[in-house]
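Go by the hints and put chain B onto chain A.
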Amino acid sequence: MSPDQVPVVERILRANEDLAARNRHVLDMHHVHGINVMASPGAGKTTLIIRTAQALQGRRSIAVIEGDIASSVDAEKVRAAGVPAVQINTGGNCHLDAVQVQKALGQLSLEGVDLLFIENVGNLICPVAFDLGEHTRVALASVPEGDDKPHKYPGIYAAVDALVITKTDLLPWVPFNLAEFRRLVRGLNPDIRLFEVSSVTGAGLDEWVQWLMELTARK
Amino acid sequence: MTVHMHELAITESILNIVQRHAEQAQAKRVLSIRPVIGELSSIVDDCVQFYFDHLSQNTIAAGARLLFERPRVELACEACGHTWQPVDADWTCPQCGEARARVVKGREFYVESIEVE
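Top to bottom, those sequences are chains A and B. Residue 380 in the numbering used here sits at position 84 of the first sequence, with consecutive numbering throughout. Residue 218 in the numbering used here sits at position 14 of the second sequence, with consecutive numbering throughout.
Among these hints, one or two may not hold up.
Unchecked claim - The calculated label-pair distances, taken between Cβ atoms and stated as ranges, are:
hint	chain 1	residue 1	chain 2	residue 2	range
1	A	D324	B	K232	22 to 28 Å
2	B	V308	A	R375	42 to 48 Å
3	A	A376	B	A229	54 to 60 Å
Unchecked claim - Derived, one-sided and incomplete: chain B residues facing chain A with beta-carbon distance under 7 Å:
hint	residue
4	I214
5	L219
6	L244
7	S246
8	T287
9	W295
10	P298
11	R304
12	E321
Everything labelled a hint here was simulated from the structure, so no lab data went into it. Note that the Cβ used here is the ideal one computed from N, Cα and C, for glycine as well.
With the rest of the complex left out, here is chain A:
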C-alpha cells in the first residue's frame, strides 16, 4: 500500500484551549477578572501580588492561585497576608495548564471576588504556550535579571498585555538600561502597558493598582 497524505490542520494545544475557554466562562459568570502572572523565578511575583492585594484592600476583592513545581510556600505567604489562596503543585511540570486551573477553581470560592491572580510557575518560556482561561496576561521583569531578556525570550514579551518592571529600587546599584529595555519591549509589542514598580518602597504601585481598578471596574 502506498503512503497517503492526510490533511489535519489542527491546533496542537486545542484541548487545552477548549478547557481554558470553559475556565474563562466560569470566571465570567462570577464577574471575576483573571490575570495570568508570568515571570522567571525570583522576579517578585508573589511579593507584588501581596502588595497589590494590600493596596486594593476595601476596593477590590482578590483571590490567588499559586502554581509551583512543588511546595506550598507561596500560598502560605499569600494566606498569611489575608488573601484567599489555593496552591497547585504541578508535579514537575514547568508551566500551569487549563486542567490544573480548572481543579484549583473548584477549590476557591469565587463569590464576591473581583480579581483572580494566577501565579504561573517561574519560567519565561513554557507558560507562554498555555492559555489558562485568564482575561489578561502580565509578565514581570526584575531589574537584577538584566536588560537583555527581550533578546533571549522575545516570545513572552510579544504575548502579554502588560509588563511590570520590578525591583526598581535596585536601579542605582545594578546596570540596567531602562530606556533601551522599554524601547525593545515596545518594539516587540507596540500595545503593551509598561509599569515600573518597587514592592519594597511602593514606588510606582499606584499606577499599576489604578490599571487593575480599571480592568475590574464594576458595571
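Here is chain B on its own, set in the frame of chain A:
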C-alpha cells in the same frame, strides 16, 4: 524531582491528534507527521521527537518521524507596510524607523498533515 518540559505536554497533544486522524483515515500505520511551529514558540524539535518515540510505542504512530516546519518570524510595519524578517529582538522597521510591527508569521502552532499507509 524530574522537571517535565512543556515539550512533553505538546508531544502528548500531537500524539492525540495524530491517533485520532489516523484512525479516521482507517490507516494501518503513521509514517510521518508535519507539525508547523512558528519561531516565536520555543520548542526543541529533538526533545519532541524523543518524547514522541517513547509515548507512541504500541500505538498506530509508533516509529513515525516528525518533520517540523519552523516558519521564521515575519513582521509587517503598521506605519509603512514594509515586511521583513527581524534578525534579533529589535523589531523597529528598517524602512521607516517606526516601532509598530505586526507579527505576520512565527506564531503557527498546528499539525499540518500526516503521512499514513
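Results of checking the hints against the structure:
1. D324/A to K232/B: 22 to 28 Å: Given a distance of about 45 Å, which is not inside 22 to 28 Å, the answer is violated.
2. V308/B to R375/A: 42 to 48 Å: Holds - the Cβ-Cβ distance for V308/B and R375/A, about 45 Å, lies within 42 to 48 Å.
3. A376/A to A229/B: 54 to 60 Å: holds (56 Å)
4. I214: holds (6 Å)
5. L219: violated (10 Å)
6. L244: holds (5 Å)
7. S246: S246/B check passes; min Cβ-Cβ to chain A is 5 Å, inside 7 Å.
8. T287: At 16 Å from the nearest chain A Cβ, T287/B fails the 7 Å test, so the hint is violated.
9. W295: Given a least distance of 4 Å, the restraint on W295/B holds.
10. P298: violated (12 Å)
11. R304: holds (5 Å)
12. E321: holds (5 Å)
When each numbered hint is compared with the structure, violations occur for hints 1, 5, 8, 10.
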